[in-house]
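With the sequences and hints as input, model every part of the structure.
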Amino acid sequence: MNFKIGLIHGDGIGPEIVNEAKKVLEAVSSKYSHSFTYENLLLGGASIDATGEPLTDETIESAKDCDAVLMGSIGGDAKTSPWYQLEPSKRPEAGLLGIRKALNLFANLRPAYLYDELRDACPLKKEIIGDGFDMIIIRELTGGLYFGEKKTVVEDGMRKAIDTLTYDENEIRRIAKRGFEIAMKRGKKVTSVDKANVLDSSRLWRAVVEEVAKDYPEVTLEHMLVDNCAMQLVMNPGQFDVILTENMFGDILSDEASMVTGSIGMLSSASLNETKFGLYEPSHGSAPDIAGKNIANPIATVLSAAMMLRYSLDLDREADAVEAAVRKVLKDGYRTGDIMSEGCTQVSTTQLGDLLVERL
10 MNFKIGLIHG DGIGPEIVNE AKKVLEAVSS KYSHSFTYEN LLLGGASIDA
60 TGEPLTDETI ESAKDCDAVL MGSIGGDAKT SPWYQLEPSK RPEAGLLGIR
110 KALNLFANLR PAYLYDELRD ACPLKKEIIG DGFDMIIIRE LTGGLYFGEK
160 KTVVEDGMRK AIDTLTYDEN EIRRIAKRGF EIAMKRGKKV TSVDKANVLD
210 SSRLWRAVVE EVAKDYPEVT LEHMLVDNCA MQLVMNPGQF DVILTENMFG
260 DILSDEASMV TGSIGMLSSA SLNETKFGLY EPSHGSAPDI AGKNIANPIA
310 TVLSAAMMLR YSLDLDREAD AVEAAVRKVL KDGYRTGDIM SEGCTQVSTT
360 QLGDLLVERL
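No gaps in the numbering here: position 75 of the sequence shown is 84 in the numbering used here, and each next residue is one more.
Simulated from the structure, these hints should not be mistaken for laboratory data. Heads up, the beta-carbon is just placed ideally off N, CA and C, and yes, glycines get one too. No false leads were mixed into what you were given.
Pairwise CB distance ranges, derived in the manner of DEER restraints:
(1) I261 <-> S357: 28 to 34 Å
(2) S42 <-> G157: 45 to 51 Å
(3) I137 <-> K186: 29 to 35 Å
(4) K186 <-> D236: 25 to 31 Å
(5) P97 <-> I137: 36 to 42 Å
Restricting the straight-line Cα-Cα distance to at most 20 Å, the calculated cross-link-like pairs of lysine-lysine (PhoX-like) are:
(6) K159 <-> K169
(7) K159 <-> K110
(8) K73 <-> K110
(9) K186 <-> K285
(10) K197 <-> K223
(11) K186 <-> K197
(12) K285 <-> K13
(13) K223 <-> K194
(14) K285 <-> K110
(15) K198 <-> K223
(16) K40 <-> K337
In structure tokens:
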């Protein structure tokens with residue numbers, strides 16, 4: 010089969026980790042007789058350097074012409090990079106928010122899985138870890154506080170900032186449907202996270218989620234307040250299957266869940282629209298302090314490529330193979346520095362990519 014994949018190499022370690030993911034995709038195409046063609050796209054700091062803008066219309070249109078887009082991390086050091094001397098709307102992260110909106114990428118998927126080989130890296134006690142955990146956080150990505158009206162005014166001589174949190178029922182319904190659909194393929198349990206004891210937006214969220222749940226009688230639904238969920242993630246992470254939540258809560262909880270696994274360098278991410286199209290990226294940042302040193306962990310980006318194979322290209326067998334290759338490399342004791350432990354062999358970014366290809 011033939012597929013067109015957009016590549017956003019990004020900033021910092023982005024080009025290094027995207028190159029390794031591309032190497033793995035090429036091995037997949039060779040083994041399973043697919044044809045992947047690639048189009049390089051600009052976003053974030055690299056786009057600012059080339060065009061003066063963090064996101065251009067050309068990138069948006071080119072992305073729309075692809076079956077999916079695989080992205081490295083964007084951004085730089087906020088203290089030293091000239092990108093952060095620009096107004097907020099011109100900074101790298103504005104490009105990321107912009108492309109999500111332009112491509113209608115309303116559903117963010119963030120898996121959090123504890124590999125047996127990395128149990129010692131998990132900061133939780135062994136009795137809390139138990140048999141491990143395997144959850145996915147589904148975050149609404151284009152509404153809520155981050156996209157609401159913003160303004161700063163002066164009233165009675167005092168500065169006052171206003172951020173507006175808005176959701177309509179259609180926005181909630183479509184992300185809820187995606188959450189229940191994914192739960193049907195997993196453990197058939199949805200934990201909907203809100204702040205319904207305080208916020209009107211959360212009360213609407215809870216009501217609409219309950220309406221959607223009626224169409225999925227096989228799925229167990231529970232509601233949980235966001236502060237309780239934050240505690241439960243470190244007290245009993247194994248209880249969760251699918252966590253469904255709004256934009257800001259999901260932003261915070263997914264980062265918390267990522268660190269419970271032991272390393273954010275292991276975690277993939279997908280942002281999907283209402284078609285098969287998706288933008289796939291690692292959950293971690295651009296790590297400019299280690300850029301160009303060939304020591305970054307590419308596994309999160311490789312696993313993001315596996316998610317792309319599964320969700321956008323419908324290549325489940327190939328996605329399984331990539332995920333199995335990651336497990337084999339870890340089981341064989343190979344590690345980058347961020348997940349290094351006693352008795353293992355430390356390898357570089359490119360070496361790890363080669364090892365993954367070998368196991369494919």
